[in-house]
Structures are given as C-alpha cells and as structure tokens.
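> Spelled out, the chains give:
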Amino acid sequence: MPFAELAVVGAGPAGLSAVVTAARLGVKVVLIDEYIQPGGQYLKGEAFADTLSSPAERQGRALLRSLPSAGITTYWQTVVWHSEKNRLHLHRPQGPLTLDAATVIAATGARELALPFPGWTLPGVMTVGGIQVLVKAHRVLPGQKILLAGSGPLLLAAAYTLISHGLPPVAVLESSAPRQWMRFGPALGGQTGRMSEGWRYLQALRRARVPYRFRRAVVRALGSDHLEAVVTARLDSRGRPVSGSEETIPVDALGIGFGFIPNVDLTQLAGCTHRYAPALGGWVPLVNEHQATDVPGLFAAGECAGVAGAEAALLSGEAAAWGAACHLGRVDRQELAHHLTRLKQARQRQHRFAAVLNTLSSPPDPLLAALAVGDVPICRCEGVTAAAVRQAIDRGARTLDALKTATRVGQGLCQGRTCGPILARLVASQTGCPVEQAGFFRVRPPLKPVPLSTVAAEGVE
Amino acid sequence: MTRSADVVVIGGGIVGAACTYYLARAGVDVHLVERQFIASGTSRACDSLTLLWDKSPGPELILGRASTALWAGLVEELDEPFEYHRRGTVLLAEDEAGLEAGRQTAAAMQAQGIRAEPLAQADLLKLEPALSPDLAGGVFFPDDAQIDARRAALALVAAARRQGATVHQGAAVTGIRRRGEEIAGVTTQAGDFATHRVVCAAGVWSNSLARLVNLDLPIRPRKGHILVTARAPGFIHHPLLEGGYVSTVQTAAEGVQVALVAEQTPAGTILLGSSREFAGFDRSVSLTVVQAIARRALRFLPGLAQVPAIRSYAGLRPWSPDHLPLIGPVEAVPGFYLATGHEGSGISLAPVTGRLIADWIVNPNRVMPAAAAVRPDRFELRPRTDKPTNH
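Chains as they are written, first to last, in the numbering used here: chain A, 27 to 487; chain B, 17 to 407.
Source of the hints: derived by calculation from the structure; they are not laboratory data. In this text, all values refer to a predicted model and were calculated from it rather than measured experimentally. The beta carbon of each residue, even a glycine, is placed where N, CA and C say it ideally should be. Take the hints with a grain of salt, since some may be wrong.
Unchecked claim - 25 Å max Cα-Cα, derived SDA-like pairs, lysine to any residue: (1) K474/A / T281/B; (2) K474/A / G271/B; (3) K111/A / T281/B; (4) K111/A / R91/A; (5) K111/A / G271/B; (6) K171/A / R239/A; (7) K370/A / R50/A; (8) K111/A / P249/B; (9) K111/A / R299/B; (10) K54/A / W102/A.
Unchecked claim - Derived, one-sided and incomplete: chain A residues facing chain B with beta-carbon distance under 10 Å: (11) E60; (12) H115; (13) R118; (14) P119; (15) T431; (16) P475.
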C-alpha cells in the first residue's frame with residue numbers, strides 16, 4: 027500500500043503552497059486533485075498577458091512552475107471518496123487506490139452559492155465562476171449577451187474577464203447597496219493591491235460602458251428550452267424585490283454569484299468539529315493557528331477552512347505545511363511558532379478583509395424568501411420544489427436532516443452540496459431561527475460518486 | 017404547562033405513526049411525542065421492503081397478512097402518497113441447493129394461500145436480465161410491496177392530525193410519572209402530559225424509556241448498512257433478495273452478516289443491502305461492511321460495476337430474541353403498552369401494530385387471537401426492584 031508522510035487534497039493555491047513548503051521542509055508529499063492538472067479554480071487556464079494579475083496569482087503561478095522539480099508525487103483526475111483515520115480511499119482513471127498518510131491537509135477549496143429563482147434551471151443560467159472557467163480555461167464564450175448578477179466583487183472580476191476577451195457583459199447587477207460597501211473602508215488598511223485591482227475593474231467597466239447597477243437582482247429567467255431573457259427588479263432596503271420596478275433584458279447567458287461556501291465534506295467525514303462562521307462563508311472546521319483540526323494529523327487550509335481569498339489561502343497552506351512538518355517531527359515547536367509569527371500579521375489583514383467580503387457577497391435572505399416559491403426547484407438533483415420544502419418546514423422540519431427525510435432534498439448526485447446552504451437559509455427565513463440551527467447534511471462515503479467496482483475493490487496498486 | 021391526553025405515544029417512527037393514526041381514528045385523544053422529528057430514527061435508515069415469505073406460518077404470517085391488507089387499504093385511506101408499489105419480490109438461488117430451499121419456501125407459502133412462482137434459470141433471467149447468468153433460479157412472490165417508510169410515517173401522522181391527534185416534535189421524554197403502579201403522566205422537553213396510558217414505540221430506544229418504569233426489555237440494536245447508487249432507471253424490475261437472507265436474519269451471530277438485497281426506488285436509485293450486526297448504538301458507516309455489500313451486489317448484478325455509488329448509511333433495527341415484535345400491554349405496569357422490537361419488519365407490520373394497540377386500548381375484546389404470540393409478557397417483564405444496573 028502506498029504511503030505518504032503528507033497527503034494534500036486539492037491543488038489550488040492552498041494545496042500548492044502547502045506541498046511546496048512541506049517538500050522544502052523535507053516531508054515526503056503526495057498531492058491529489060480531481061482535475062487533469064493542478065491550479066484549482068483560481069489558476070485554471072493560462073495567464074493572459076493582457077489580464078491584470080494579482081500578487082496571489084503571480085505567486086500561485088510560480089508555485090505551479092516549481093511543482094515538477096519539487097519532488098512531489100502527484101495524482102491528478104483522482105477523487106478522494108472516503109477517509110478513515112489516516113487512510114484515504116482514492117478513485118483514479120486506472121482504478122481504485124488506498125493511500126496511507128501520516129498527515130493530511132484538506133485543501134478542498136470552496137464552491138459558489140447560487141440563489142434559486144424562477145427559471146434558474148434553464149440552460150444558459152450558470153454561476154459567475156463557471157463563466158470565468160469557460161472563458162479563461164476553455165476559451166469558450168457562454169453566449170453573446172451575457173448578464174452578471176448577484177453580490178460581491180467576484181462579479182467585477184468576471185466582468186473584467188469578459189471585457190478582456192472582447193465581450194463586455196450587458197450589465198452587472200449588484201444586489202447590495204453602495205452604503206454596505208462603505209464598510210470596506212477599515213478592512214482595506216494595507217490592501218493596496220486589492221484596492222488597485224478593484225479600481226482597475228471599475229475603470230474597465232466604465233471604458234466598456236458596462237452598466238454596474240446596485241440594489242438590483244434577477245427575479246426570473248425566461249425561455250423555452252434555453253435562456254432568452256431575464257426579468258430584473260430593484261430591491262428595497264431589506265433586499266426584497268420592488269413590484270413595478272421590473273425590467274426585461276434579452277440575454278442568452280446569465281452568471282449568478284452570491285459568494286462562496288467552504289467545501290468541508292472531507293473534514294466532516296473525518297469527524298472534525300465544525301462551527302458556523304458567516305464571516306468565513308459558512309460551516310468551517312475548527313482550526314488552530316497552524317490549521318490543525320481537532321482530529322490529530324488532519325489539517326485544513328485555504329478556502330475549505332474559511333473563504334478568505336487566494337492570498338490568505340497561500341498563507342494558510344504554508345502554515346498548515348509547517349504544522350504537518352511539526353506533527354511529523356521535522357521541525358520543532360519553536361521553529362513552528364517562529365514561522366507562524368512571521369505569517370501572523372499578513373494573515374490577520376487578509377481575514378479582516380475576507381470577513382467584509384463574505385458579508386457583502388452573502389445573499390439578502392428576503393430576496394431568497396421572495397424568489398424561492400412555488401414550483402421553483404430547490405434540490406435540482408431530485409427536483410424538489412420550494413413549495414414542497416416550505417410545506418415540510420410548516421410541518422415542523424427545522425433541520426436539513428429533517429427536510430431530507432420529509433422530501434428528497436440532498437439525496438441526489440451532488441448530495442446536497444448545491445441545495446444545502448439554500449435550504450438552511452430558507453429554514454431560517456421561514457422560522458426566524460438562526461441559520462446554523464438547521465445544521466448540515468451528514469456526510470457519509472462515498473464523498474463523490476464512484477463506480478460500485480471501486481467501492482467493492484481493495485484499493486491496492 | 018400540563019396538557020391532558022387519553023394516550024401518549026412515544027416515538028414518531030413508522031410504528032409510532034401507525035399507532036397514533038389508528039388511535040386517532042378510533043376517536044382517542046392521542047398525543048405523539050417524538051424526540052427529534054417524524055421518521056428521524058430507524059424509519060429513515062432502512063430499505064422499503066415488506067415481505068410475507070420471510071414470516072413463519074402461524075401467528076407471524078397471520079399478522080403479516082393482516083398488515084399487508086391494511087397497507088393496501090391505506091393507499092386509499094391516507095391523503096398523501098407514500099410510494100407504495102406492489103411489484104412483488106424475487107428470491108435468488110445461487111445453486112441447486114439454494115433453489116431447492118427456495119422451492120420449499122414457495123410450497124410453504126402456497127400452502128398458506130400466498131402466491132409463489134418458482135423460476136428456472138431462463139425464467140429468472142427473462143424476469144431480471146441484469147442478473148448474473150450463472151444463478152440456478154429463483155422464486156417470484158407477486159404480493160410483496162415496496163413502501164417508503166419516511167413518506168408513509170409522514171402520511172400516517174398527517175392523517176392522524178386530521179383525525180384530531182396532536183404531534184409534538186423535539187419532545188424528548190425525560191420521565192414517566194406514576195401513581196402507585198399506574199401511569200400518571202409523561203414529562204417531555206416540550207411540556208408535561210397528564211395521561212393514564214403510554215404507548216412506547218421507540219424502537220431501539222425503547223429500553224431507555226421502559227427503564228423509566230423500571231422495566232428491562234430484551235431489545236438490542238441490530239445495525240444494518242445500505243449503499244445507494246446513482247439513478248439507473250429500469251436496471252432491475254423487482255426487489256431482489258438472495259436466498260441466504262433469511263438465515264442472516266435468524267442467526268444469533270454477533271459478527272457481520274451480509275446477504276444481497278437490491279431494490280430500485282421510484283426515483284431510479286438502487287438501494288443495496290443488507291447487513292446485520294450487533295454494534296451497540298453506533299450508527300457510523302463501516303467501510304468494510306459497505307465493501308462487502310458492494311461485492312455481494314456485483315456477484316448477482318455484475319452490470320452494476322460501472323454504476324456510480326453515491327451514498328451509504330447505517331440504521332439500527334430493534335432486535336428481539338424470538339424475532340417477533342413486542343405489541344400490547346405490560347401487565348406489571350398498568351397503562352404501559354409496548355409497540356416495538358420489529359427488527360426488519362417495522363414497515364411490514366406497522367399497520368397491524370397500530371390496529372392492535374388501538375384495539376388493546378379501546379376494545380381489548382376485539383384483539384385478534386394471533387396477537388397472543390406478540391404479547392410483551394411472553395418475556396415475563398417484571399419491574400426491577402433492585403438498584404438500577406448499567407446497560
């Protein structure tokens with residue numbers, strides 16, 4: 027059975043930073059990722075000469091270049107479908123494989139949150155990040171008339187990507203109000219890079235004459251078998267659509283984005299304690315300053331430990347690698363403490379910034395409450411409608427577990443990754459209970475769909 | 017606040033839901049108290065099979081048939097659908113010996129007037145082309161049905177509410193009050209109830225409730241795993257069970273027993289079981305058991321190899337020493353009724369259990385004679401007089 031001193035799951039900025047740091051500290055490392063190559067969502071595709079690149083992107087690309095010579099074993103197109111203590115069960119194109127690892131760093135990133143609304147399952151409606159990947163990694167434009175809607179700065183980044191590829195979006199709709207963005211002020215201290223990035227985005231939008239409209243949201247997507255138009259509406263101060271303010275815009279692609287949700291399946295399956303932290307994007311594992319969870323030998327780095335951006339992910343990957351090296355006895359506690367002190371200030375700055383960002387990106391619950399009604403599907407895998415979910419809540423369901431039992435939500439291919447955060451917000455908005463009381467779907471193997479033959483096999487190479 | 021109730025049913029699983037429904041239908045002022053939410057325990061961690069052929073001729077089969085008839089009626093009686101499908105089940109025989117055992121089961125059922133059709137190899141493959149071609153044959157039992165236990169429990173509870181029952185979720189029982197020997201009330205996290213009658217339908221958790229009235233029940237949690245595939249519509253047409261299934265149920269072995277059970281849900285996913293083991297109250301999924309189920313499934317259904325597995329789960333069946341449930345009053349504690357210990361027959365026997373409990377409470381003369389076989393007092397339940405022991 028193959029053995030690794032450290033297995034890192036996820037080859038985005040945090041994972042890359044972790045493996046390169048750990049290898050430098052003399053740790054024997056295996057890096058695993060589901061995609062055909064490393065980089066994660068953030069570094070997917072080539073860097074363009076014409077695209078502005080942030081310090082984090084430059085650093086990430088440098089890590090990618092250094093990977094082949096870093097002495098790291100890599101498994102691409104590899105799914106981690108189960109973990110027990112220090113044993114990972116993998117599915118690869120060549121077949122199953124069981125890997126024993128003395129330490130594990132989960133660097134599984136985050137996924138986007140999309141809000142349901144009438145028509146959101148029409149082809150042509152996708153996530154903002156999905157549009158970015160299409161354009162950046164696959165050089166495919168999702169349509170000719172593209173609208174971006176949701177909340178948070180990712181909308182601006184995606185608009186910028188489209189503009190640099192010669193297809194400015196027809197508009198960018200931001201559901202929050204400019205007033206809310208003022209809260210950015212204090213957190214911008216020392217964020218000159220981020221400020222100039224944001225400034226350049228806005229300049230690009232202006233030059234391309236892309237309307238950037240605050241307090242406006244998509245309330246309906248229209249089309250028979252493909253998106254043809256969207257209905258947008260102004261939002262009142264609480265985030266509710268104002269009737270009479272609707273406008274219909276013909277579009278053939280719509281990007282929706284309301285921030286990110288940490289991917290915590292792996293740490294949940296491993297039995298780590300999790301807490302609900304809206305400032306970090308939702309449920310996150312409890313970690314210490316070197317990203318150690320409360321399961322010995324298991325670390326969580328990057329967005330899966332709290333959505334905080336690529337720079338923070340790079341730093342937390344580094345911290346986790348030091349933590350793992352210390353766990354393995356490669357560095358002593360003093361060296362670890364010394365190194366963490368060096369990272370501390372930068373990390374605190376990133377987290378202050380991220381907290382505001384996550385708050386800004388998170389969807390206004392009254393908007394969700396207004397749009398998730400009637401036959402709008404909430405669980406897309408199983409086709410469970412908002413009406414069915416609301417009826418179950420009326421009958422006393424207060425947790426995702428209870429909703430899953432009363433309807434079929436969360437039982438499909440994605441196992442509730444898409445609908446889970448939406449359902450928790452629906453329970454909260456309908457009952458007045460805090461979102462965290464709704465809990466999360468219990469995670470059980472397989473973490474991702476794998477062929478039955480993989481489950482049946484003893485995974486020996 | 018203290019409410020008063022004719023009867024308090026403890027446990028909102030399929031059995032408690034059926035008890036509540038039949039009591040409400042009989043005009044009883046019944047309150048259902050559930051620790052978490054409806055179907056939050058074993059009823060959401062099971063398959064959906066109701067079988068007759070695994071029941072022994074005699075009282076067990078009589079109760080099974082009565083329950084089957086009640087289920088068929090409930091399809092009309094309840095307002096909400098619960099994925100009831102009477103597709104029958106197929107017993108699979110790996111070899112000649114297994115086929116002979118199957119034929120004997122078929123003959124025994126036919127003698128009771130239950131339909132059973134032995135299948136030669138070719139007939140079996142015609143019925144279920146996805147099966148491995150080297151199987152010896154099987155038996156088709158056309159009268160068995162599939163029922164989604166969660167939906168059924170919810171439908172029973174909804175119907176009971178319409179008949180006047182009151183349902184309290186998030187209402188864990190913390191005490192059962194008595195005046196002398198008799199039941200006087202129930203204390204829960206959602207308030208107190210003054211009542212003279214309590215029905216304990218708490219499945220594997222019944223012991224901790226019975227201890228509140230100083231009774232020890234011979235019920236143990238028997239864990240089972242299920243592995244779920246992605247949707248593969250039309251892969252199989254009937255629930256399939258390997259012939260060895262019954263012996264895994266009846267063995268007293270402590271270790272893990274695995275026998276194939278495969279059924280397709282209306283959504284198109286395939287539920288693969290089954291396992292039985294005594295592992296306390298631990299509901300975590302064990303990879304070795306899930307792997308054993310996957311291997312057994314591939315033995316019978318080789319085409320599943322490339323079908324994705326998407327989920328697994330484990331549940332706890334309330335095992336009783338003679339494989340029969342405990343349904344009815346406990347003489348030593350007047351007013352205390354049991355409806356528990358159904359192991360894997362909870363869905364099958366839920367309606368007849370509810371009917372029996374309603375009869376015991378409303379009109380004991382109407383209780384059917386076969387119910388004598390499932391009376392709790394066959395285990396000589398006596399209140400503990402010594403100091404409580406730790407279990």
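> So, for every hint listed, does it hold in this structure?
Status of the hints after comparison with the structure:
{"no.": "1", "hint": "K474/A / T281/B", "in the structure": "20 Å, holds"}
{"no.": "2", "hint": "K474/A / G271/B", "in the structure": "29 Å, violated"}
{"no.": "3", "hint": "K111/A / T281/B", "in the structure": "33 Å, violated"}
{"no.": "4", "hint": "K111/A / R91/A", "in the structure": "32 Å, violated"}
{"no.": "5", "hint": "K111/A / G271/B", "in the structure": "23 Å, holds"}
{"no.": "6", "hint": "K171/A / R239/A", "in the structure": "17 Å, holds"}
{"no.": "7", "hint": "K370/A / R50/A", "in the structure": "20 Å, holds"}
{"no.": "8", "hint": "K111/A / P249/B", "in the structure": "36 Å, violated"}
{"no.": "9", "hint": "K111/A / R299/B", "in the structure": "17 Å, holds"}
{"no.": "10", "hint": "K54/A / W102/A", "in the structure": "17 Å, holds"}
{"no.": "11", "hint": "E60", "in the structure": "14 Å, violated"}
{"no.": "12", "hint": "H115", "in the structure": "7 Å, holds"}
{"no.": "13", "hint": "R118", "in the structure": "15 Å, violated"}
{"no.": "14", "hint": "P119", "in the structure": "13 Å, violated"}
{"no.": "15", "hint": "T431", "in the structure": "5 Å, holds"}
{"no.": "16", "hint": "P475", "in the structure": "4 Å, holds"}
Going through the hint list in order, the structure does not satisfy hints 2, 3, 4, 8, 11, 13, 14.
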